[in-house]
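Undergrad: Please build the complete structure, drawing on both the sequences and the hints.
These protein sequences, in sequence, are chains S and U.
Residue numbering for the first sequence follows the numbering used here, beginning at 1 and increasing consecutively.
Residue numbering for the second sequence follows the numbering used here, beginning at 1001 and increasing consecutively.
Some hints could be false.
[What the hints assert, rightly or not] Keeping only pairs whose Cα atoms sit at most 30 angstroms apart, straight-line, the calculated DSS-like set for lysine-lysine is:
1. U:K1063 x U:K1110
2. S:K265 x U:K1181
3. U:K1390 x S:K265
[Claimed, not checked] Quick look at which bits of chain S chain U covers, simulated, 3 or more residues with Cβ under 8 angstroms:
4. 58 to 71
5. 220 to 230
6. 367 to 373
The set of hints was computed from the structure by calculation and includes no laboratory data.
Fair warning: this is a prediction, and the values are worked out from it, not measured in the lab.
Built from N, CA and C at the ideal position, the CB exists for glycine as well.
Residues per chain are reported as follows:
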Amino acid sequence: MNLAPTDEQQAIQRQARRFLAAEITRERRLEWDRTAEGHDAPFWRAVAELGWFGFALPEAVGGQGASLLDLGLLIEECGRAVVPFGIFAAVAGGLALEELGTDVQRREWLPAIARGARMVTLAVAERAAVLEASALETAVTRRADTLRLDGEKRFVLQGVTADAFLVAARDGTGVSVVLVPASAPGVTIEPSSTLGKDRQSTVRLDGVSLPAAALCRQPGAAWYALERLRRTFAALLCAELVGGADAVLEMTVRYVGEREQFGAKLGTFQAVQQMVAVMAIELEGARHVTRQALWRLANDRPADREVAIAKAWTGRAYREITLLAHQLHGGAGYVVEHELHRHTLRAKQAELLFGSTEEWLEDLAGRLRLTLADAG
Amino acid sequence: MRYEYTREQIAWRHEVRAFCDAHVTDALRAELRQAGNEGDGPLAKAFHGKLFERGWWGVGWPKEFGGMGKAAVEQYIFIDEMQMAGAPAMNLSITSVAPTILREGTEEQKAAWLPRILRGEIEFAVAYSEPGAGTDLAALTTRAELDGDEWVINGQKIWNTGAHTASHNWVAVRTEPDARKHEGISMIIVPMDAPGIEVQGIWTMSNIRTNAVFFDNVRVPKDHLIGARGMGFYYAMMALDFERIQLGCVGMLARLLEELKEVVRRTTRDGRPLGTVPWVRHALADLEMRVEVGRQVGLLNAWLIDQGVVPTKEGSMSKVYVTELNASFAGVGLDILGLAGQQAPNDESAPLHGKLQWLYTIAPMQRFGGGTNEIQRMIIAQRGLGLPRK
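TA: Laid out in structure tokens, this is it:
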């Protein structure tokens, strides 16, 4: 057992923290809030130049070949700075294409993704389908060398700036994934407003016609790979939440150490100290169940149980930490000029992404062999 | 980073587990249950004897005093496995008194006390609290005055658990009446057969006996004061840091959780298998998650000790987390058992032999004992996170 990040891992975090602190000013962020993209091009380019979009992609395609654990540590820093969520979406999209793409698709897309020149994003969820393959309504039909896609995908992360979508679609009795260029005729992208103020969208596919080469690997049998990706993304998202929770605790400690009422610093009041300690305990648990899950994923250990625990605990912990922070900040933390609200909104939203807290607990329950059906 | 035991740690775990498989018998577990899980019956004593034979009595003690010199993570693994097996807990002599003598005692004191503790010849009760000094331990008034070569002790202790069976008492006394309240306390070893000691039993909600102990001109040799005069309060606090490795172990909860799952698998209620009831599934998954979080926090504490850190913040976190979890685990566990949860431990058909009830009754004590959880959170806030005191 060794719970300390290596020198190299510490350097990853230090450099990321320094970069983000310099880039992200309050004014710039308020400007980003008013853009369609949620960020600006120079920032995206600066992130690309650091190689973050290809950080965990293979070196052969221009990536850096980092492990999921190292990627998680980088993402912790993104969470600390509440970077535009499009960064996470782009990184996840790259990993998804690496996993699902055919050799041809990977050769064509991954180098550009690693450079930050292009972006793909996953499109799985629908109005009535989130975790269950048989509930998907979007369908792909194959005729000769042509595919035809019809359906509507919702909650597509950073869909507004994506160059292509990895669309999960019913294919006969199974599920296939199709790489759909955003520019293909019949594709309509509509932004959707979300709690976390990120840039999700609804993607409609009306008789979209594509060559057969758009079909990804494991046609008709891709659901298992999609589920594995959801697990990986849930664990990576936890890293973002851990970084965010760390930042919230830090700003709260600072605030109650400065703010005075009744002639005393808030931090001297016992009620305040109790709340801050609760935040710290929840965070420490979250940090280590998350790093444990990522370590296991990165080292090819069975990780299903640990990911479920990480997402259920960390999602809840970040939410509770932000709400306690509001109670301690009072009005000062309630305004949009204060960064706290970004954490608060993202925390609750993140609890819903890649499987909610309750869904992961049910997933975990299914691993406890409580019934004959679970045992199977 | 490595979120997995090393090969050596895994081998150590297997070794402890194999020992427990061989020596923690159903009869021993039954004896423990009857004694309210306070392990001082004949089988528990015999089990402790076997630990001693193997040199496992002082797993974390240095080798020159007959211990194994194991690191904190290995100690954690040891205790975790013992708890998983349902073995009797190590007593306070080993977890609390001996490490303080080791760290603070003179060479003569170490030689005089440690081998006898290690051989199980003497056993300590711990006397800190007084009627007027509980959470505010430094307010204690039991005093010891030097008279020639002897300390003369007068006063009263309470919650002195084990004082009626122990051979010795580890007593916090005021020796420097003019010093500031935290700096006037010393630790003195008092043989329980010394004249002037009166022990009165107090029976608690969990059926565990504790005691009020009165000292009336009790005389002990001068060298029974351990370490430096006036440092007793700090020694007591440090001893709690050691205890927190043990307290942070979730082996017992992991065992109870496995037993609870097994009950759920075997139970049909109102015509449906209990394991299909959504709230039961949710509650068990929630416990599974929280036990795992507790394991991580406890291991973090142990690991930091091995890095040479005194993990005051993490030790307090682990104490708060696990004791709060014990309380809610017992409550939720009894909910899952339903009406059968009422069956008392002495009812042969009680599910889990009534252990959830036992946990339910000791959990409040764990939350306020050993430094209340509110004090622990203040330690986390002030010493861990640097919140202002004034």
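Undergrad: If a hint holds in the structure, say so; if it doesn't, say that too.
TA: To see whether the hints hold, each was checked on the structure:
Note on U:K1063 and U:K1110: the hinted pairing holds, with a Cα-Cα distance of about 13 angstroms set against a maximum of 30 angstroms. The suggested pairing of S:K265 with U:K1181 holds, with an alpha-carbon distance near 26 angstroms, which does not exceed 30 angstroms. For a cut-off of 30 angstroms, the pair hint linking U:K1390 to S:K265 stands: about 7 angstroms separates their Cα positions. Coverage of the stretch 58 to 71 of chain S by chain U is violated [criterion: at least 3 residues with CB-CB distance below 8 angstroms; count 1].
Residues of the stretch 220 to 230 of chain S with a Cβ under 8 angstroms from some Cβ of chain U number 0, which does not satisfy the need for three, so the listed coverage is violated. A stretch counts as covered by a chain when three or more of its residues have a beta carbon under 8 angstroms from one of that chain; for the stretch 367 to 373 of chain S and chain U the count is 6, and the coverage holds.
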